[in-house]
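**Student:** Chain by chain, the residues run as shown.
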Amino acid sequence: MKKIFETQAVRKLVFLALTFVIIQLLISTNIIDAYLQNTLAAICINIILAVSLNLITGFTGQFSLGHAGFMSIGAYTCAIITLRMPTMLGFFLGVFAGAVLAALIGFVVGLPTLRLRGDYLAIATLGMAEIIRIVFINLKITNGAAGLQGIPRFVNWTWLFIFTVGTVLLISNFLKSSHGRACIAIREDEIAADAMGINTTKYKVTAFVIGAFCAGIAGALYASYFYFLKPNIFDFLKSVNVLVIVVLGGLGSISGSIFAAILLEIISTFLQSLSELRMVMYALLLIIIMIFRPQGLMGSKEVTLSVFNKLGGNFRSGMSKLEQRLKSKKGRV
Amino acid sequence: MSVILNVEKLTKSFGGLTAVSNVNIQLEQGELVGLIGPNGAGKTTVFNLLTGVYVPSSGTITLSRDDNKVALQGLKPYKVCKTGVARTFQNIRLFKDLTVLDNVRIAMHKNVKYGLLSSFLHLPSYKREEKKLTEESIELLKIFNLDNKKDEYAKNLPYGEQRHLEIARALATNPVLLLLDEPAAGMNPAETAKLTELIGWIREKFNLTIILIEHDMSLVMKICERIYVLDYGMVIANGTPDEIKTNKRVIEAYLGEDVSNA
Amino acid sequence: MEQLLQQVINGISLGSIYALIALGYTMVYGIIKLINFAHCDVYMIGAYIGYFCMNNFHLGFVPSLLISMVVCTLLGIAIEKIAYKPLRNATRIAVLITAIGVSLFLEYGTMFFVKATSRSYPEMTGMMAQRFNFGNVVISMQQILILAITVVLMILLQLIVKKTRIGKAMRAVSMDRDAAELMGINVDTTITFTFALGSALAGAAGVLVGVYYNSINPLMGVLPGLKAFVAAVFGGIGIIPGAMIGGYFIGAVEVFVSGYGGSLYRDAVVFGILILILIVKPTGLLGKNTREKV
Ligand SMILES: Nc1ncnc2c1ncn2[C@@H]1O[C@H](COP(=O)(O)OP(=O)(O)O)[C@@H](O)[C@H]1O
Ligand SMILES: [Mg+2]
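Chains as they are written, first to last, in my numbering: chain W, 1 to 333; chain P, 1001 to 1262; chain U, 2001 to 2294.
Be aware that one or more of the hints could be misleading.
Dumping the calculated SDA-like pairs for lysine to any residue here, alpha-carbon to alpha-carbon at most 25 Å [stated by the list, open to error]:
1. W:K176 to P:K1142
2. W:K176 to P:H1122
3. U:K2168 to U:Q2158
4. P:K1127 to W:V14
5. P:K1082 to W:I191
6. W:K238 to U:R2266
7. P:K1150 to W:G299
8. P:K1155 to W:E190
9. P:K1076 to U:V2294
10. P:K1076 to W:E190
11. U:K2293 to W:T201
12. U:K2281 to W:V108
13. U:K2033 to W:Q295
Interface residues of chain U toward chain W, partial, derived using beta-carbon atoms under 8 Å [unchecked claim]:
14. T2098
15. L2104
16. Y2265
17. I2279
The set of hints was computed from the structure by calculation and includes no laboratory data. In this text, a Cβ means the ideal position worked out from N, Cα and C, and glycines have one as well.
Based on the sequences and whatever the hints tell you, model everything.
**Tutor:** And the structure:
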């Protein structure tokens, strides 16, 4: 009986369930009000974006500056579908179609450009995201620069939670598999990985496509939660924001990305009223962190739930000591 | 005995420099052959050509496996690896920030059968194969006495063990032909002697054909059955260690370095 | 025919500006392999300095241009010393994020002081406002000025890079930093000098844009910056003549695409060209292919 509660999987489940229930309670009691719920949604969406970009940049070592492009494809696809089909089914269809379309574009763009190294790839992906944005500005179906309004909202905390946890789990599972290790090997040494039988192009594209797929999901959630889209939301700065979360949390650290997404969004919520100064502070923060802690908060390390295990362990050993002491006292009496 | 590798008229130029010129090499199944020559002679370039890291300017490389002939020239490195050719690198190229175990498991990736779906969902096939993969990796690490260090980062290993891990990683790809680029570089005489023995042993155990580049003549002369000597990108001699020791052209090429004292 | 000629003239003006900015990108990339995202904001600040010189201090065009170049030079040096120098041995991505940080800092810092709204450069008068008509083809004095100044600056740059000690040091450092250091070249000074040169050119480009297009704002550098970078990549990043050719090429493409009805997709075409060149010849028009030694 005791054994079961100590397995990693169960502990994870309990942790997640608690997180979900506590936040749901806070929402029901309006402690997390409508305004803070926006922050919550932004955090979840940023977690998905950051973790998926981390797969591409932090784990596979491919420097992408175009994540906002994939996000926008998911967002517009979901918006267009749910505007015509404002049902729960339409929403799921929208999320799915958005993710698949983003993945498809990721494949088409990734296949030729992933041969490029480092900065060149960054610039190519930046160019791609800009092209996507310009296309959305000019299309009729996306209503051009004015954007889309009144997108039906189907996303609530439950869906945010499910999608966020789902994508994070899928990606971290992937990274623990042989396919994931193949990606990491490319980051470590592309030439050695190639010589050890890993089809580097295939795995770079795989990481890129998975990343794009998840960014598509994030975009779809964004569209459905914030019910308003315009192309300029998905500009260069948005891609940079995601990259900053990833670098701040630590390249190659999933938990780092999650912490950084939460931290940055909370800071930004507090500084909301400062407008320009907020951006100035954000910029200064970036420069200072890069100068003093360029590896990010976590480096490439992970925080796992065994932290709780340790705490629990301390607790248990404390209890047993206490018990012993009590026993010995009893003995004395 | 059958020929396993046949290299004909292999040539590679970088701009104006011909690093490898008209090289012919033949390896018999099960042979252990040395490739020696002064610095900059083109030895590593030959390895890079054999493994697809560089594309030859001209010439052919043919690998024979069970009566199947495969042309290696022009193949990408990972495809060459899949045909059964593995290598180590002169300037160690381990996956530094990964564990010893992961270094080996990555090299076994090409034999992994579970697909993407299973890796996302950790289905039973994932669990089964990962278990097998890990066990096999540890078996391999035992040979090099690295199994107790399986969770260390590769970059934290001492130099000699890093070289060992490079060989273990190459073996993990399940090769028939193994190319070792200066495996004893940076080792002291005792370590070199142990390595020499180990190389001989893994050849028997894994039924390998081995070609190795080495400057340490004690190693080369002791275990190589045949030696190719490269100078300025050309093969200037080819024969048994005794023949090479007394070859005039070789001695000239090594002027100053004494080949025969090994 | 006349329309074509007019497009060519407009293309040269725009291309000159891209070329001036692209030079800064290419020189910095050549020497420290950094995409200096803050470069486009130095150009923006140059435009504002020119604006204040002309509008508030009623200085003429030439003094304004020179002052702007000097201020931008100092700004470039400051950026390099404060933000990039501490990161000399950091990872590429850390330096890149820093560059983006500096860029945002300059953009929103400027916005804080001058507000986000666009400002108009003072009306050009007298000789500066002249226009020359050749049939239906119009050449403005400003266009002549842009071309003349760009050509003069490029010649100066070539002289500095080819003839002076520090110019030779720049080339040496961009070829092989370690070797240059061993030869007794002061690498830090050389890098600082490179930033100074690039920033001076960007400052000039800022004033020229102000005079030519009239309207300036704190985010005006972003898009031209990206396009100038595309120009640098097109010509072969790190190669000075490549940046010039790339600048004029991108300028021409833009003007022609707009001129023949594609103005909505103008920027998309430029980025399309970027991706195409990266796929076909990542080292750019004048670049040489190199492969990592194994
Ligand atoms: N990628 C490359 N580009 C240019 N020259 C190269 C490259 N690789 C090797 N060379 C040159 O080829 C020659 C042979 O090098 P190499 O094969 O490494 O010699 P070694 O016999 O010491 O292993 C050297 O002159 C080296 O500089
Ligand atoms: Mg060598």
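**Student:** Next step is simple, just say for each hint if it's right about the structure.
**Tutor:** Verification of the supplied hints:
For the hint pairing K176 of chain W with K1142 of chain P, the CA-to-CA distance comes to about 23 Å; that is within 25 Å, so the pair holds. Between K176 of chain W and H1122 of chain P, the direct Cα distance comes to roughly 9 Å. Compliance with the 25 Å bound is thereby established for this hinted pair. The suggested pairing of K2168 of chain U with Q2158 of chain U holds, with an alpha-carbon distance near 11 Å, which does not exceed 25 Å. Among the hinted pairs, K1127 of chain P with V14 of chain W is consistent with the structure: their alpha-carbon atoms are about 23 Å apart, no more than 25 Å.
This hinted pair checks out: K1082 of chain P and I191 of chain W have alpha carbons roughly 15 Å apart, not beyond 25 Å. Of the supplied pair hints, the one linking K238 of chain W and R2266 of chain U holds, its CA atoms being roughly 22 Å apart against a limit of 25 Å. Pair hint K1150 of chain P plus G299 of chain W holds up; C-alpha atoms about 22 Å apart against a cutoff of 25 Å. Using a Cα cut-off of 25 Å, the hinted pair K1155 of chain P and E190 of chain W holds, with the two alpha carbons roughly 17 Å apart.
Taken as a hint, the K1076 of chain P and V2294 of chain U pair is honoured in the structure, with Cα atoms around 15 Å apart against an allowance of 25 Å. For the suggested pair K1076 of chain P and E190 of chain W, the alpha carbons sit about 13 Å apart, so the restraint of at most 25 Å is met. This hinted pair checks out: K2293 of chain U and T201 of chain W have alpha carbons roughly 20 Å apart, not beyond 25 Å. Under the criterion of a C-alpha separation no larger than 25 Å, the hint pairing K2281 of chain U with V108 of chain W is consistent with the structure, at around 19 Å.
Among the hinted pairs, K2033 of chain U with Q295 of chain W is consistent with the structure: their alpha-carbon atoms are about 19 Å apart, no more than 25 Å. For T2098 of chain U, the shortest C-beta to C-beta distance to chain W is roughly 4 Å, which falls under 8 Å, so the interface hint holds. Among the interface hints, the one on L2104 of chain U holds; its C-beta lies about 4 Å from the nearest C-beta in chain W, closer than the 8 Å criterion. At about 7 Å, the closest approach between the beta carbon of Y2265 of chain U and any beta carbon in chain W falls short of 8 Å, and the interface hint on this residue holds.
Given the 8 Å rule on beta carbons, the hint for I2279 of chain U holds: about 5 Å separates it from the nearest Cβ of chain W.
When the structure is compared with the earlier hints, no violation turns up for any of them.
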